[in-house]
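A.B. asks: Starting from the structure of chain A, add chain B where the hints point.
2 protein chains.
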Amino acid sequence: MQYPEPVAKLIDSYMHLPGIGKKTATRLAFYTIDMNKDDVLNFAEALTDTKEKLKFCSICGNITENDPCDICADPNRDQSKILVVEQPKDVATMEKMKDYKGLYHVLHGVLSPMEGKGPDDINISSLIQRLQKNEAIQEVIVATNATPEGDATAMYLARLLKPAGIKVTRLARGLSVGSDIEYADEMTLFKAVEGRTEM
Amino acid sequence: MQYPEPVAKLIDSYMHLPGIGKKTATRLAFYTIDMNKDDVLNFAEALTDTKEKLKFCSICGNITENDPCDICADPNRDQSKILVVEQPKDVATMEKMKDYKGLYHVLHGVLSPMEGKGPDDINISSLIQRLQKNEAIQEVIVATNATPEGDATAMYLARLLKPAGIKVTRLARGLSVGSDIEYADEMTLFKAVEGRTEM
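Protein sequences, first through last, are from chains A and B.
The UniProt record's numbering puts the first residue of the first sequence at 1, with every later residue one more than the last.
The UniProt record's numbering puts the first residue of the second sequence at 1, with every later residue one more than the last.
Keep in mind the hints are simulated off the structure, nothing from the lab.
A few of these clues could be false.
No copy is singled out in the list; a pair is fine if it fits within one copy or between any two copies.
Taking lysine-lysine and the DSS-like style, the derived pairs with C-alpha atoms no more than 27 angstroms apart in a straight line are [as the list claims (entries may be wrong)]: (1) LYS101 - LYS23; (2) LYS133 - LYS162; (3) LYS117 - LYS51; (4) LYS53 - LYS23; (5) LYS101 - LYS55; (6) LYS23 - LYS9; (7) LYS117 - LYS37; (8) LYS98 - LYS9.
Quantities reported herein were computed from a predicted structural model and do not represent experimental measurements.
Isolated chain A, as found in the complex (with noise of 0.2 angstroms):
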């Protein structure tokens, strides 16, 4: 016996998503057909909704229901600092911060030439363009990954920035707030003390 249709399909479905393999699959999709029907029609709504109004914004490349989005169409913010990340994750991700108070930029990625990525698969040409177009913008801050590929980016987009004229800096590398020196990695505290303060 096969799972009927609409089970086999939604079990495939959940398949889809990362780190959820066919047992996980399977007990998801059952716990769905327990669920009250309110909560599984809004839960395909939402799926919906994600292909169906959500864009990405045309100035900072953000997932956004509005163009501007509301952070560029904000004239609040802090219009001479532009943060890059490389997700749109990474922007929700700073905003939980609540001090950050400038304009963002999404990549939609990092240069890696392991995987063939090069400048023009990620999102630059359109931080030159706010560049060019926009004079009050003083400050680049990359916050891309402190990966391999986070840090190349940021040293491509730092050369290329520089000469222009504009101040391009980095998040800090160091210990983690609540971390013992202890369990820190070589690199993590190479970092740290690099790039130690005074008191």
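C.D. replies: For chain B alone, kept in the frame of chain A given last:
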């Protein structure tokens, strides 16, 4: 900044699933945004279908697209045996074994005094009706889980059905195939010794 509304809604929906907290839900939502449109719309449709196309078989209580379900409607199944399980997913699990050719009955729960679940709260009365209507049935195999509630439900069914002259059996207890005696718990070892078979 809040997430755009469709993203917030999707995170919320993912959080309805068991074992998925806010962080995983957020990760899944952003993953979904990057998935291709067809996969997401299929996923949404699969969810809707579970509520719109699936129903419970009026005979055995299993989930099905057609009523009666494929198993109840199949004249080639052994009409003399009914295997009683707790949940629809247990039917699917038993069917994977490919050896059992009889019919099923899904209780949709177990007796649980702790949760205030008595015989009227699970699908027992329809089992009695099936047995009364169909004289071909000779054996009821109780395949509830090996939990206190599953055991209690099995005992209840045995006491209820045996006086009517129906053979009531339970799945064997013992060592899992491939398991080490070293790691078996005492109850399982006790049941394995008790149920030992001659070679």
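A.B. asks: Would you mind marking each hint as holding or not holding in the structure?
C.D. replies: Hint by hint, here is what the structure shows:
Within a single copy, LYS101 and LYS23 get their C-alpha atoms only as close as 44 angstroms, which misses the 27 angstroms cut-off; across copies the closest is 24 angstroms, which meets it. In the homo-oligomer, the alpha carbons of LYS133 and LYS162 lie at most 27 angstroms apart inside one protomer (17 angstroms), although the nearest pairing across protomers, at 86 angstroms, exceeds that limit. When the C-alpha separation of LYS117 and LYS51 is checked against a cutoff of 27 angstroms, the pair qualifies only within one copy, where the shortest distance is 25 angstroms, while the shortest distance between copies is 43 angstroms. In this assembly of identical chains, LYS53 and LYS23 lie within 27 angstroms of each other by CA distance solely across copies; the values are 23 angstroms between and 32 angstroms within a copy.
Taking identical chains as interchangeable, the C-alpha atoms of LYS101 and LYS55 lie at most 27 angstroms apart only when both belong to the same chain, with a minimum of 23 angstroms there against 52 angstroms between chains. Taking the shortest Cα distances, LYS23 and LYS9 sit within 27 angstroms of each other both inside one copy (14 angstroms) and across copies (26 angstroms). Taking the closest pair of Cα atoms, LYS117 and LYS37 come within 27 angstroms of each other only across two copies (23 angstroms); inside a single copy the shortest separation is 44 angstroms, beyond that limit. Proximity of LYS98 to LYS9 under the C-alpha cut-off of 27 angstroms is restricted to the inter-copy arrangement: shortest distance 22 angstroms between copies versus 41 angstroms within a copy.
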